[in-house]
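Protein chains: 2
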Amino acid sequence: MTKDEPVAIGVDIGGTKISTGVVHKGQLLSDVHLFETPENIEELLSVVLKAVSDLKSEFDAEYVGIATAGTVNINNSKVTGSTGNLPKGYSGLDFKTIIEAELGLKTLLENDANAAAYAELKTGNAQGDKSTIVITLGTGIGGGIIVDGKLLRGKAGVAAEIGHMPIAWGKKRKCTCGAWDCWESYASGSGYALNAKEMANKIPLEQREGILKDKEIETLTTYYVIDGFYKGDSFARKVHEQWESLVKMGIVSLVNIFDPDSVILSGGMAKFVNFEKLHREIEETVVISKIKLLPAKHNNYAGIIGAAMLAVEKYG
Amino acid sequence: MTKDEPVAIGVDIGGTKISTGVVHKGQLLSDVHLFETPENIEELLSVVLKAVSDLKSEFDAEYVGIATAGTVNINNSKVTGSTGNLPKGYSGLDFKTIIEAELGLKTLLENDANAAAYAELKTGNAQGDKSTIVITLGTGIGGGIIVDGKLLRGKAGVAAEIGHMPIAWGKKRKCTCGAWDCWESYASGSGYALNAKEMANKIPLEQREGILKDKEIETLTTYYVIDGFYKGDSFARKVHEQWESLVKMGIVSLVNIFDPDSVILSGGMAKFVNFEKLHREIEETVVISKIKLLPAKHNNYAGIIGAAMLAVEKYG
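First to last, the sequence lines map onto chains G and W.
Just so you know, our numbering puts 230 at position 230 of the first sequence, and the rest follows in order with no gaps.
Just so you know, our numbering puts 278 at position 278 of the second sequence, and the rest follows in order with no gaps.
Some hints could be false.
[Said to hold, decoys possible] Just some of the chain W residues that point at chain G, by a computed CB distance under 8 angstroms:
{"id": "1", "residue": "E43"}
{"id": "2", "residue": "K96"}
{"id": "3", "residue": "T97"}
{"id": "4", "residue": "G128"}
{"id": "5", "residue": "V147"}
{"id": "6", "residue": "H164"}
{"id": "7", "residue": "K314"}
{"id": "8", "residue": "Y315"}
[Said to hold, decoys possible] Where chain W lies over chain G, by a calculated footprint (3+ residues, C-beta under 8 angstroms):
{"id": "9", "region": "148 to 156"}
{"id": "10", "region": "168 to 177"}
{"id": "11", "region": "252 to 263"}
{"id": "12", "region": "281 to 295"}
Keep in mind the hints are simulated off the structure, nothing from the lab.
Glycine residues also receive a C-beta, built at the ideal position from the N, C-alpha and C atoms.
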């Protein structure tokens, strides 16, 4: 291992698990360690401190980058909000001050979608691009946006809330954010199931066939319908095609706004996207120049890698 | 006049008129001259060259900034497309090479909405901001976006095509760009009249009152309905309120994406916006931090001022 570039620890804190690893030149140098996210804030902090401390002594690491769910302030030091699945007290937590005082390691905090976008830019499928949009299609829709090689962070570090572009009017469906008809509420994994239920409810009982036959509509799940789609069910096909066109809407907006080099799709729902078809339809719709549409390279470790690289970029 | 900052000539080329002026430190130093846009490309070029040449000798100007309708290449030298209202041959025109050869003045070309955004940032109502979105609500919807003090130009100089965010699905209304259900097709000045016609057609003949009484629906214009709105007509009020909510949709998307310091509305339709109401509703809807919502300061001269300032920034 050459020491021309510093070694950094990456931490990814989500609602269900915490993962850690050591990163050098944008590549994992260690195994990734996984921990369940504790239910109270003191335990969560002690899990993170212990894991970082262990890696510090083993790998002679100099910096820590933390990718976190929720929003992060513009100084990359503190969690500021939107941390619904994390313990009470998480919002407001000043990781930078705590880790620097306890462990003497320079620390940078970044929103997980932003960290993932940075990882894709530096060592993933957007490598070499100046501008890319990394879209996480999961239970919700998140995003990280790179403009001229830099993360778009906004005035308060809250930019790239791409899931909350309205795509319909008339108050048809309420989003978890409290607003109506956000892209996320239709094109995310949870939106998919809601679309399926709405479409199924319009079919009279006696006409329900295939995956709908004798099925309680309220029990329809995203994966059940997707499974039906791959098995050739005609109702599932309608749901899936509508979902594809809903996914397309938000991407078309983003491409027309940014004229980016690439769009990268990550998250659990990305594997159900027909990239070739979607790419063709986007190119037919947008008014700007051609883009690349690709899956993410770093799916599970993008947060760790991106946050560690951002820490090196800031302090290294 | 101090000479600490160079003097630049600003030119704004639109489909109906060409305007020119001399700019120093972001302020007009001369009167603005107006010319009708000629119908052939040779005449257009000679009008621009003559106007620039005259101002050059009178004001000892060193640079030229040209704001143009349509798209401009990433090197700011050449018009590349989307110039429907300009003479044949305009697309592809290399203004930079021509003016530098003919007049010996360093020349920069920029899309008019981008130039206007830059003017608002530097000496307009976004002064002091790091990030702003300038939205032109006119016959169509255009935009100029500033991120960290710099124009967002995209990989090919085509970014900020904000009018073409889709805001509905199901192919309800075709946009001039060829795609369906773009923001512009509903929330622009032309969209306003189309909305009014659609809403009016749903009212049975015998129930048509106020501004609709004995009115041929196909002859409804935007200004006729807006006039009715200000006079208290109830149908016009419905059209206007729907338009306000359609305008809001696109702004909410942009604010959630950029977390900007400010949003500036310019263009002929901006004066019909109730800024206080719209601002309140945007703040209630977005998931990010507070913004300023303001009218543009430089309405008619923003292109001249912004393009001239961009030329000074590049060459000065």
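Hint check:
1. Taken as an interface hint, E43(W) does not check out: its beta carbon lies about 29 angstroms from the nearest beta carbon of chain G, beyond 8 angstroms.
2. Here the hint on K96(W) is broken, as its CB sits about 20 angstroms from the closest CB of chain G, past 8 angstroms.
3. For T97(W), the suggested interface contact is broken, since its CB lies about 22 angstroms from the closest CB of chain G, more than 8 angstroms.
4. With a cut of 8 angstroms, the hint placing G128(W) at the interface with chain G is violated, because the nearest CB-to-CB distance is about 12 angstroms.
5. The beta carbon of V147(W) is positioned within 8 angstroms of a beta carbon in chain G (closest approach about 6 angstroms), and the interface hint is therefore held.
6. For H164(W), the suggested interface contact is upheld, since its CB lies about 4 angstroms from the closest CB of chain G, less than 8 angstroms.
7. The restraint placing K314(W) at the interface with chain G is violated, with a minimum CB-CB distance near 16 angstroms, outside the 8 angstroms limit.
8. Restraint check, Y315(W) versus chain G: the minimum CB separation of about 21 angstroms is more than 8 angstroms; hint violated.
9. Note: the region 148 to 156 of chain G has 7 residues with beta-carbon separation from chain W under 8 angstroms; the three-residue rule is met and the coverage holds.
10. Restraint check on the region 168 to 177 of chain G versus chain W: 3 residues with Cβ-Cβ distances below 8 angstroms, three needed, restraint holds.
11. Counting residues of the region 252 to 263 of chain G whose C-beta lies closer than 8 angstroms to any C-beta of chain W gives 9; at least three are required, and the coverage claim holds.
12. For the region 281 to 295 of chain G, the assignment as covered by chain W holds, since 5 residues bring a beta-carbon within under 8 angstroms of that chain's beta-carbons and 3 suffice.
The earlier numbered hints that this structure contradicts are 1, 2, 3, 4, 7 and 8.
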